[in-house]
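Sequence order for the protein chains is A and B. Okay, so the first sequence: first residue is 198 according to our numbering, each after it adds one. Okay, so the second sequence: first residue is 4 according to our numbering, each after it adds one.
Since the hints were made in silico from the structure, they are not lab data. Given the structure is predicted, the values throughout are model-derived calculations rather than measurements. Ideal Cβ placement from N, Cα and C applies to all residues, glycine included. Incorrect hints may have been included.
Stated by the list, open to error - Facing chain B, from chain A, some residues (calculated, C-beta under 8 Å):
1. Val225
2. Val229
3. Ile241
4. His243
5. Val244
6. Leu262
7. Leu263
8. His270
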Amino acid sequence: MCLAIPALVTELLPDDMARVSLDGVSLVISLVLVENVAVGDYVILHVGYALTRLDAAEAERTLALLDEAAAAHLAIIAAGAAA
Amino acid sequence: MTGGLALEVVLSGGVVRAARLRAGRPVTLCQAMLGRPAAEVPAAFERLYALCGRSHRIAARFALDAARGRDATGAARQAALRDLAAERVGEHLRSTFTTAASLGLPAEPAEVAALRAAFAATRPGAPGAELDASLAVLGLHTASSGWAARMLDAAGPPADGAGTVDALSAADDPAVLASLARLGGAFAALPHLPLRRPETGALARSLGTGAPRDRLAARFAEIRHAAALLRGDAGDAPASWFASGTLPDGSGFAAVETPRGRMHHLAAVDAQDRVTGCAVLAPTEWNFHPDGPLVHALPGLRVGAGAAAEARLRWLVGLFDPCVGCSLTLREGADA
Numbered sequence: 198m199c200l201a202i203p204a205l206v207t208e209l210l211p212d213d214m215a216r217v218s219l220d221g222v223s224l225v226i227s228l229v230l231v232e233n234v235a236v237g238d239y240v241i242l243h244v245g246y247a248l249t250r251l252d253a254a255e256a257e258r259t260l261a262l263l264d265e266a267a268a269a270h271l272a273i274i275a276a277g278a279a280a
Numbered sequence: 004m005t006g007g008l009a010l011e012v013v014l015s016g017g018v019v020r021a022a023r024l025r026a027g028r029p030v031t032l033c034q035a036m037l038g039r040p041a042a043e044v045p046a047a048f049e050r051l052y053a054l055c056g057r058s059h060r061i062a063a064r065f066a067l068d069a070a071r072g073r074d075a076t077g078a079a080r081q082a083a084l085r086d087l088a089a090e091r092v093g094e095h096l097r098s099t100f101t102t103a104a105s106l107g108l109p110a111e112p113a114e115v116a117a118l119r120a121a122f123a124a125t126r127p128g129a130p131g132a133e134l135d136a137s138l139a140v141l142g143l144h145t146a147s148s149g150w151a152a153r154m155l156d157a158a159g160p161p162a163d164g165a166g167t168v169d170a171l172s173a174a175d176d177p178a179v180l181a182s183l184a185r186l187g188g189a190f191a192a193l194p195h196l197p198l199r200r201p202e203t204g205a206l207a208r209s210l211g212t213g214a215p216r217d218r219l220a221a222r223f224a225e226i227r228h229a230a231a232l233l234r235g236d237a238g239d240a241p242a243s244w245f246a247s248g249t250l251p252d253g254s255g256f257a258a259v260e261t262p263r264g265r266m267h268h269l270a271a272v273d274a275q276d277r278v279t280g281c282a283v284l285a286p287t288e289w290n291f292h293p294d295g296p297l298v299h300a301l302p303g304l305r306v307g308a309g310a311a312a313e314a315r316l317r318w319l320v321g322l323f324d325p326c327v328g329c330s331l332t333l334r335e336g337a338d339a
């Protein structure tokens, strides 16, 4: 199951492409499936394509949930290592 | 979520001699749901999954309702079925387009615009009015010309002696749910049914043969059917699209036909309506099981060599439709 990790659009490129920052990593992705994306928007990615555009508030809510999920996952790993 | 897939294929004389699939252990979000108010959980699932968020929301909602002892109302079921139909159209289009694009199969500018419009029309809350016109531009109503016909041609010739698939169906729900309840994450990571190697998704739902062209034709037929459902021209969605109820231990379950196959959710709540149990089994875990249908579809397959072999195999992987990226490594040799 593909996680919906918001990526920040940092630069629009020719041919419906864009540069995004995903957790600090810079990637070039396609915007061909979404419309009206601007620098400063967030997008949800899958295999190099933006699927959905999010505003900053939506992205923050998603990132907060993902942080909680990651913490829960790390807790399971830690519990397994300690067992 | 599956932590990534890696397919290694051994070729000799243009024929697949062996295949091995490694799947990262799925990292589900269930642990993060424990202790949350149940009312928050369906929306959280939708927010966190990129491809099948609506299916997750629906499955979580109805599993939780069942755990609370509530039956799904007719109106809620109808709304859910419309959401599933819209998600199915959008995901089948997106998956086909992105796989084809990765192989350098072009779409004309008008077709790209139609894909984008169709994709937008299937998003949550979208009016959907442009969907049929967009599908017509893509040639999906007849699949005899345009983008759809070119995709079918690229997928290869019609089935000729290809075997039928072992379809995961609603009849399997009791066995699947019993194992998921008993084994939890271990079963969700490596699901199995005795003496079976089940596949799920468009082809399994069509009960067709396993040839690549038939896989894509089944997907296109589902797009047409789901679009007709959204127009109100196809009656009700089949009952198998959606099921929910309770297990003997009182936990709730839901089984939902997502775009890429049947998905199962389990949920339990306490007296304060907080989540105390959660398990999710995704369709990719069946189709991309290390001993599953994709791995067993490959040996003996004539794919040619070099770039042609890689393209053929990438098409096939795309038609099995993983919900995460799948790397592909080819090497020449006698066996694995």
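Evaluated hints:
Interface restraint check: A:Val225 against chain B, minimum CB-CB distance 14 Å, threshold 8 Å, status violated. For A:Val229, the interface hint holds, the least distance from its beta-carbon to any beta-carbon of chain B being 6 Å, beneath 8 Å. Annotation: A:Ile241 was flagged as interfacial toward chain B, and the flag holds, the nearest CB pair being 5 Å apart, inside 8 Å. At about 5 Å, the closest approach between the beta carbon of A:His243 and any beta carbon in chain B falls short of 8 Å, and the interface hint on this residue holds.
Among the interface hints, the one on A:Val244 holds; its C-beta lies about 6 Å from the nearest C-beta in chain B, closer than the 8 Å criterion. Taken as an interface hint, A:Leu262 checks out: its beta carbon lies about 6 Å from the nearest beta carbon of chain B, inside 8 Å. A distance limit of 8 Å between C-beta atoms decides the matter here; for A:Leu263 the minimum to chain B is near 7 Å, and the interface restraint holds. With a cut of 8 Å, the hint placing A:His270 at the interface with chain B holds, because the nearest CB-to-CB distance is about 6 Å.
Hint 1 alone, counting from the list given before, is not met by this structure.
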